[in-house]
Every structure is written in structure tokens, then in C-alpha cells.
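Trainee: Residue strings, one per chain:
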Amino acid sequence: MPVLYELAVLGAPSDAQLNALEEIVGQAVSAFGMTLGAEVAWLVQPDEFSPSQRRAAAAVYFGSQGAAAFDLPALLKRAVPVLPVVSDVSRVREEIPQELRHINCLDYRDGGAARVATALLECAGLLPRQRRVFLSYKRNEARHAALQLFDAISARHFEVFLDTHSIAPAEDFQAMLWHRLCDSDVLLMLDTQTYFESRWTSAEFGRAQAKGISVLRVDWPDSTPSARTATASRAELLAEEVDPATGHLSLAAVERICLQLEEVRSESHAVRNVNLVSQVRNGIESIHGQFVGIGQHKSIHLLLPDGKDLVVYPTVGVPTSASLHEAVTRSPGKTVAVLYDHVGILPSWQAHMDWLGEHVRPARWVKASEAAWQFADWEA
Amino acid sequence: MAALFLSASIPVRGRGHYHETASPFLIQCAVRELVIATIRTHRIVWGGHPSITPMIWSICEDLGVAYSNSVVLYQSRFFEDRFPEENQRFDNVIFTDAVPNDREASLLKMREAMLGRDDLTAAVFIGGMDGVQTEYQLFRQFHPAAPVLPVAAPGGAAFDLAQRLGDTVALHLQDVNFAGIFHSAVSGWRDAGGASQSFPRPTVP
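Heads up: the sequence lines are chains A and B, in that order.
Under UniProt numbering, think of the first position of the first sequence as 1, with each following residue one higher.
Under UniProt numbering, think of the first position of the second sequence as 1, with each following residue one higher.
In case anyone wonders, no lab produced these hints; they're calculated from the structure.
Keep in mind that a hint or two might mislead.
[As the list claims (entries may be wrong)] Straight-line alpha carbon distances no greater than 20 Å define the calculated EDC-like cross-link-like pairs of lysine to aspartate or glutamate that follow: (1) A:Lys-334 <-> A:Asp-183; (2) A:Lys-77 <-> A:Glu-48; (3) A:Lys-138 <-> A:Glu-197; (4) A:Lys-308 <-> A:Asp-377; (5) A:Lys-77 <-> B:Asp-62; (6) A:Lys-77 <-> A:Asp-107; (7) A:Lys-308 <-> B:Asp-175; (8) A:Lys-367 <-> A:Glu-241; (9) A:Lys-367 <-> B:Asp-175.
[Unchecked claim] Incomplete in silico selection of chain A near chain B, CB under 8 Å: (10) Asp-163; (11) Ser-278; (12) Ser-369.
Treat the numbers as computed from the prediction; the structure is a model and nothing was measured.
The beta-carbon is built from N, C-alpha and C at its ideal position, and this holds for glycine as well.
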């Protein structure tokens, strides 16, 4: 398998810090069926770190007095998340280079390697709760294959949304469906003969496209692809890989789909992120503010034209009151906002968010495509 | 309102080498970011594509802009038996006459009508196959001074065009920051006087 994610350790970690971090990160990615140093690139104190824009990437910077020089401005400009770590939060000035001081630092005494590992994995989108897949299929045609894929993908620590498993009986079906789709990186489409004849599956496919979610189309041997699916990535099934009696897929086919899913997911996550952050950067620069960089929890650090700090927390999918609460508690004393992409969010939910935004004063919502106007209006 | 010509399609196997460099997902992303970055300042004029038209319609709906006013589709009557159902839902399709039994001549007629519009101020190319070169040349012929933006990273004929025009560096050929590319382009077009109006504020529903 090719490299799918890129992680780097910069600055001057001690051997003990490096070994501990490597062990925890290695264990975490092996649960996804990947190997640190193979599918997940692991660069320790490289001379240069310029990950591909098409792969999710993040770096941790271990500060120390006189740590090795590294071209941090280039990395920050490319919107690669960099997590500064200090031995003691009172030593930021001594240990952390100027370029990183606007970004919230992790205090190593508070949680050690485990906390650094979690923060790093989160920035690369590699926590299990961030790996979201939506299974879209026609029940009468692909129910057994869907259940089989649900099990296989869940075993690789993806959060899979399957309508029959994931919605409690009393919940509003349509709203739930939409929201879970918006939260996903990939729509796994089981393209059987009459996929587009159902209003539900048709709508799921259309929304995924509008939302910039990657579609992996599993191509049933007897189906003729619709011209609508041309933007989807393709996983082909051979006739002998589908059991006509049970509707089950062969193990080899399931394995192949899982691998392809991981590739499609990494690219989808990375490309959506690059463009979401770019919309914020365009917004702040068009009002003559400054983009500083990306830190913990993927927070985007900005300087308003008057020199004040602004921390923006992006949410993938549908933001909730918890997103506002987290933003406020993660950056006490700072001006904070929650960034989201409002394309695809239900009008009823948007109305609820607007209402909530009016009543929760310490944090605000920012729509990615309207960032320029919202920053211009900012009463810091 | 200024208009923008969009040439976007997904290369298919068996029709040239274009599918070898094409990433359907990146074509989807680039079109999405283009619509988000330009739909409030430009009318988008294009030939339609069955996999992209419904997506543009959905994005317009979510951004609160009227698809039927913001997008103008051209279609040759030569393909009458294959028109997508969306054509009937919106009153924004301009049909051009077919040249009987001549696919290429029918297409040319449609392209001349579409690219000869005098409200076009720029052209964007994403993905695509043989038609890209024809559309580029026609656009140049009708609008010699208007900016042209081939988006390279999603591949296809737009990648070839970007290389041929030679004004892109290696990084640009792989750049998937479409929001950044279109933001810079739109600012440049505005400075060049292409679309002189200021960026209108979105209406709050």
C-alpha cells in the first residue's frame, strides 16, 4: 500500500519522549491495519517536511533551549498542523520559536507522550471517531453485502453509518441521515442495478457530491453505471465475487474494498481540509488580517487587523452546541469561533444554530464560504 | 453580471489518454470550490455534464442563490434523445440547432453560440477531453484578452492545457488548494477590470 498519512517529529525530543511517542502512535495506527513507517510515514527530525496536499499530515514540535532550526514558516504557511510541546508551560519563551508562540502549547508534564500522541493523531484525522464512512445501498439488493462490509470496516476502526444499525427507532430518520452523511469523509456506495431508483439513495449520492465528500462506488457485476457516477472512485466486483445464493461478497473483495476505502478516505480528508482552511485564510487576508498557523484540535490561529488573536475551531460535518462549548473551554480568555461548511446542513438545524449563536456570547459561528464578511464584522 | 465560461467533464476510458491523469474526486472538488468562490459575482455558462449538473444545482440551493439565474446551460438539439431530466426543471437551457447527422458540426455550432457570448469575462477548464482544446481556441478567438485558467491538479485535458500554456510551476500542477486558486483568480479578474463590481454581501435568509 502507498503512503497514506504523513507524521513528523520536529525540534529536540529526548530519546525517552521519542520512544514513548513512537510506541503509542504505532499501536494506534496498527489498529487500523496500517504500519508506522509504511502507510503512515514517520519522519523524525527531518531536514525538510513537505507532505503532499493529498494526504492528511501533522507534526509535533518538541521545544527546548536552542532546538534545531527548521523551516517552520513554510510549514505553517502550507497549513500543516504543528503542535508545540514544552517541558513546562512557564518556559514557552525559552523553548518555543517565535513562529509557534501564537499556537496553544502542550505542557509535557500534563499527560506526557499519551496526550501528545492523541493530539497528533487528531490533527491528522487518525482518531477512530474521526474516521467516518456512510454506507449507501438498496436494501432489497445489497443488504447482506452491506452488513458484511459494516463488520469489516468497523473492525478497522472506522465509524460506519448503516441506517439499520445507527438510528434509534424514535429519531427523525431524514435529519439523522443527512447529518451523519455530512459528518462522513467517504460515501461507500453499493451500486446495484436499481440504486438510483430509490429517492433515498439518489439523494444521499447527490448530497455527498455537493458537500465535497468522496464517493467510493462498489460496482456490481450486473449493473450499468449511471452517467451521474462519473466523479466517483471505483471498486469493481467480479461476477464470481458475489455469491448469487446469499448475496455475500468474497473475502478477497471485502479486503480490497477496505484498502481502497483507506486510500480514498485519506485523500478526501486532506483535500477537504486544505480547502476549508484556505477559505478562512482568504477571508482573513482579504480584510488585511494574518493567518498564523494550525495547532491543537486543528485550531486555526489568526491575527485580526487590530493585532488581536482569534482562534477558529473547524468542525467536520454538523456543528452542535458541544462544538461551541469545546471551543470556549479549549481557549480560555481568547476570542474563539467555530468554523463549519454550511453546504448540506438542514435549514431547520441552521435555524437552531443561529438561535444558539445569538445566546452563547463567548464563541461565534463562522461559515467557511462567508468568512471574509464575518471577520470584517468582528467586534473583537 | 459578468459571466464565466466553465469547461468541466470527467475523462472516460477509450477516448484519448486523458483518463490516465484524471482524478474524478479532484474534478468534483475543483468544480465545487469554483462554484462557491464565483457564483455570487459571476454567471456560470457551460455545456452541462450529467455528473456535475446536479451537484451545481445542490450547491446553489445551499448557498441561497437561484440556480436558474446563476447558471446558463447550452445544449445541442443533436443530443435531444439524451437530455438530462434537469433540463425540464429549470428555465435556463439554451438550445442550439443540430446539423443533421453531423455530431461534430452540431457541437461546433453549440460551442460558437456559447463562447461567442459577449458577457464572458474569463474561462476555467477542469478535467475534460478533446473538446477542451477546441473550446480554448474558440474562447481565445472571441475574447483575445480575457483570462483563461486551466486547473491542473485534477488532470485530464485541462492538465495538458496548463502545461502547454506554460505559465504554471510544478507545484501549481499538483496544487489542490482550489479555494485559494479561485480566490486569487477572481481578485485578479476584478483588478483587471473583468468583473468590476464589488463582492456583494450574501443575503441572510
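Trainee: All the hints need checking, so say for each whether the structure fits it.
Mentor: Checked hints:
{"no.": "1", "hint": "A:Lys-334 <-> A:Asp-183", "verdict": "27 Å, violated"}
{"no.": "2", "hint": "A:Lys-77 <-> A:Glu-48", "verdict": "14 Å, holds"}
{"no.": "3", "hint": "A:Lys-138 <-> A:Glu-197", "verdict": "9 Å, holds"}
{"no.": "4", "hint": "A:Lys-308 <-> A:Asp-377", "verdict": "14 Å, holds"}
{"no.": "5", "hint": "A:Lys-77 <-> B:Asp-62", "verdict": "30 Å, violated"}
{"no.": "6", "hint": "A:Lys-77 <-> A:Asp-107", "verdict": "24 Å, violated"}
{"no.": "7", "hint": "A:Lys-308 <-> B:Asp-175", "verdict": "31 Å, violated"}
{"no.": "8", "hint": "A:Lys-367 <-> A:Glu-241", "verdict": "45 Å, violated"}
{"no.": "9", "hint": "A:Lys-367 <-> B:Asp-175", "verdict": "24 Å, violated"}
{"no.": "10", "hint": "Asp-163", "verdict": "21 Å, violated"}
{"no.": "11", "hint": "Ser-278", "verdict": "4 Å, holds"}
{"no.": "12", "hint": "Ser-369", "verdict": "5 Å, holds"}
The structure is inconsistent with the numbered hints 1, 5, 6, 7, 8, 9 and 10, although it conforms to all the rest.
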